[in-house]
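There are 2 protein chains.
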Amino acid sequence: MPQRRKVVVCRDLGPDVMPTLLNHPELEVIVWPENSSCDRKWLLENAPGASGILVLLSEKVNAELLDAAGPNLRVVSTMSVGYEHADIPELAKRGVKFGYTPDVLTDAVADLSIMLALMAGRNTKETTEIWPNFVWSPFAFCGPQLSATSTSPTRTAGFIGFGRIAQATLARLVPFGFTHCLYTANPSTPPNPAADAQVAAKYGVKEVRRVDMAELARESDVVFVLAPGGSKTYHIVNEEFLKQMKKTAVLVNTSRGTLVDSDALAKALHEGWLYGAGIDVVEGEPNVDENHPLVKAPRCVVLPHIGSATTETRIGMATLAVNNLINGIFGRPMPAELSVSR
Amino acid sequence: MPQRRKVVVCRDLGPDVMPTLLNHPELEVIVWPENSSCDRKWLLENAPGASGILVLLSEKVNAELLDAAGPNLRVVSTMSVGYEHADIPELAKRGVKFGYTPDVLTDAVADLSIMLALMAGRNTKETTEIWPNFVWSPFAFCGPQLSATSTSPTRTAGFIGFGRIAQATLARLVPFGFTHCLYTANPSTPPNPAADAQVAAKYGVKEVRRVDMAELARESDVVFVLAPGGSKTYHIVNEEFLKQMKKTAVLVNTSRGTLVDSDALAKALHEGWLYGAGIDVVEGEPNVDENHPLVKAPRCVVLPHIGSATTETRIGMATLAVNNLINGIFGRPMPAELSVSR
Chain W
0 MPQRRKVVVC
10 RDLGPDVMPT
20 LLNHPELEVI
30 VWPENSSCDR
40 KWLLENAPGA
50 SGILVLLSEK
60 VNAELLDAAG
70 PNLRVVSTMS
80 VGYEHADIPE
90 LAKRGVKFGY
100 TPDVLTDAVA
110 DLSIMLALMA
120 GRNTKETTEI
130 WPNFVWSPFA
140 FCGPQLSATS
150 TSPTRTAGFI
160 GFGRIAQATL
170 ARLVPFGFTH
180 CLYTANPSTP
190 PNPAADAQVA
200 AKYGVKEVRR
210 VDMAELARES
220 DVVFVLAPGG
230 SKTYHIVNEE
240 FLKQMKKTAV
250 LVNTSRGTLV
260 DSDALAKALH
270 EGWLYGAGID
280 VVEGEPNVDE
290 NHPLVKAPRC
300 VVLPHIGSAT
310 TETRIGMATL
320 AVNNLINGIF
330 GRPMPAELSV
340 SR
Chain S
0 MPQRRKVVVC
10 RDLGPDVMPT
20 LLNHPELEVI
30 VWPENSSCDR
40 KWLLENAPGA
50 SGILVLLSEK
60 VNAELLDAAG
70 PNLRVVSTMS
80 VGYEHADIPE
90 LAKRGVKFGY
100 TPDVLTDAVA
110 DLSIMLALMA
120 GRNTKETTEI
130 WPNFVWSPFA
140 FCGPQLSATS
150 TSPTRTAGFI
160 GFGRIAQATL
170 ARLVPFGFTH
180 CLYTANPSTP
190 PNPAADAQVA
200 AKYGVKEVRR
210 VDMAELARES
220 DVVFVLAPGG
230 SKTYHIVNEE
240 FLKQMKKTAV
250 LVNTSRGTLV
260 DSDALAKALH
270 EGWLYGAGID
280 VVEGEPNVDE
290 NHPLVKAPRC
300 VVLPHIGSAT
310 TETRIGMATL
320 AVNNLINGIF
330 GRPMPAELSV
340 SR
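Quick note, the sequences are listed as chains W and S, same order.
Numbering-wise, the first sequence is residues 0 to 341 according to numbering that gives the first Met the number 0.
Numbering-wise, the second sequence is residues 0 to 341 according to numbering that gives the first Met the number 0.
Calculated directly from the structure, the hints in this document are not laboratory data.
Hints may contain errors.
A pair counts as met if it fits within one copy or between any two copies, since identical chains are not told apart.
Claimed, not checked - Here are the simulated lysine-lysine pairs, DSSO-like style, with alpha carbons at most 27 Å apart:
1. K231 x K245
2. K40 x K59
3. K245 x K205
4. K59 x K231
5. K124 x K295
6. K266 x K124
7. K124 x K205
8. K231 x K242
9. K246 x K295
10. K205 x K59
11. K246 x K266
12. K295 x K242
13. K266 x K295
Because the structure is a prediction, the values reported are computed rather than measured.
Let's have the full structure, built from the sequences with the hints guiding it.
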């Protein structure tokens, strides 16, 4: 009988997925036993000799962890689409493969983006908790309407970052009467008006156009923050941006909390620079409490990072993370490997 | 100078709309002065001699009011699409025209129906109030996903009532991957499979089909209650219906509270007969407080009847109600008159 490969799994991934690992005849599986984030000390103690490690956003994948694991390590697999918790150059230096879970959560996050755009405009922060202290009046709770109307027949969606989730969100907006789409992109990539025209034709909108942040702020009825986290996008939504937004616009962030300056957004909502906000991610999460400026801000819905939290999608992510791990260990093509150039 | 016609307006409709009435040279306008529902005694005292009365859902339009107004009355105009507060035969008997506000609120209510379908599935009752007491885990808060997925590639919408709002809701569901549409209709109307096929082709779904309540309950991933109120639809969603729903389904009611048995729905949510509910209307509203069984029920979002509450739509409704009133008084065609056959 061949020696089994050791794998360390930083969270129990549930009865739909764990048997694939636990029943694998060639694996010795060590799982963090608590219903909480994996303890760092436990992880470093169990990493030595591992061929694979399965992590979540909460685990830093850095030189410390990779050194602890040692030369047997072939793959780190994260159950997330984001990888700002992983030091990619350190992985590359050691020739360790890295798996992640793109695509499978696209629809769940696009769904949540639409939900938050609606909740921000419909003022659900106030309307869900109003019982019994409210007096109906013709314009109580009224804010901007997401759908186009006969008297205001156009709508513009603005996307900070225009990848798969943004385009899935745009597709959902079309029957609401959205006619125009603006987006910002990484400045290092060249503009491509021909590709933009193809996207416009695909979704049936009048225009898809790459713009700068100032034009995006000025022209959008809804701004969706859907770019990666990290230093290049840190606080890209700041006071200057928020001051340029329409007073009737709403902001939705379903990507990473670091892109939005929380204090600036809270100030903007208190002062009415924009109408409302729907926020699934907050800088510093999960250390957010009822005194956080965004939780206290008017017309601001704050959710605890549930973008991908549907049964179907989380099973899909966990399955993909496990398959990345197993295939990486045995040198087979991984279903979703991030290319880590040295 | 001709004698001015008296009109009684049961609520101040705001600065965008009231000048049309107040500055009309041929009208004497009496407006309920408080920011609350119009007092019945005040209304009955001011009605005599009126040529027109503008009401809201809160004002009963019955023989008592019509008798108080007397023979000058030519039109009653309601700022609502529903008219269960009006005794249509009594209006017909007196030859009093009746105006209402259909169509103009279709998109706002369809928007809210989508929002509530998403909020029920995403468990926002719990997730909006979780700070700071939550522990992330791979399947925390996970419920059914509104969008279709690669592993469950079909979705069925069920509509109790299939008028304009239902079809506007269906249009919005298509990019979420909805493939099938079932509906129930007034039994007195004949089925029309050819028309159903046309609707399916129009929205790009595989099937639109009229069914009975039992099949609708069994097959739908989301049930939208969008039929008129009144005795014919009273508690049409009852224990029997709820017991037949999928455990992963959600119920959305954006029509009238009387269609849903609140106690049955609360029981169904506590016992898990369905996953969640999004409710904009509650039987007995606005007398709903934090002890109401639906406000206390798990995975149940309860809103204070804000279906049409967007700035654009409420201005549109108020404008239409005023135009119905003025045109009715002067014998001109009303933009939205309900035919009241004698």
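Hints, one by one, checked against the model:
1. For the identical chains of this complex, K231 and K245 are intra-copy neighbours only, at 25 Å inside a copy versus 46 Å across copies, given an alpha-carbon limit of 27 Å.
2. Proximity of K40 to K59 under the C-alpha cut-off of 27 Å is restricted to the intra-copy arrangement: shortest distance 12 Å within a copy versus 70 Å between copies.
3. Within a single copy, K245 and K205 get their C-alpha atoms as close as 21 Å, which meets the 27 Å cut-off; across copies the closest is 40 Å, which misses it.
4. Proximity of K59 to K231 under the C-alpha cut-off of 27 Å is restricted to the intra-copy arrangement: shortest distance 19 Å within a copy versus 61 Å between copies.
5. Proximity of K124 and K295 under a CA criterion of 27 Å is satisfied in both settings, with 10 Å inside one chain copy and 17 Å between copies.
6. When the C-alpha separation of K266 and K124 is checked against a cutoff of 27 Å, the pair qualifies both within a copy, at 17 Å, and between copies, at 26 Å.
7. For the identical chains of this complex, K124 and K205 are neighbours neither inside a copy (33 Å) nor across copies (37 Å), given an alpha-carbon limit of 27 Å.
8. For a Cα distance limit of 27 Å, the shortest separation of K231 from K242 inside one copy, 21 Å, qualifies, whereas the shortest one across copies, 52 Å, does not.
9. For the homomeric pair K246 and K295, the shortest alpha-carbon distance inside one copy (20 Å) is at most 27 Å, but the shortest distance between copies (35 Å) is not.
10. Taking the shortest Cα distances, K205 and K59 never come within 27 Å of each other, neither inside one copy (44 Å) nor across copies (47 Å).
11. In this assembly of identical chains, the alpha carbons of K246 and K266 lie at most 27 Å apart only when taken from the same copy (13 Å versus 43 Å across copies).
12. Proximity of K295 and K242 under a CA criterion of 27 Å is satisfied intra-copy only: 20 Å inside one chain copy versus 40 Å between copies.
13. For the identical chains of this complex, K266 and K295 are intra-copy neighbours only, at 11 Å inside a copy versus 33 Å across copies, given an alpha-carbon limit of 27 Å.
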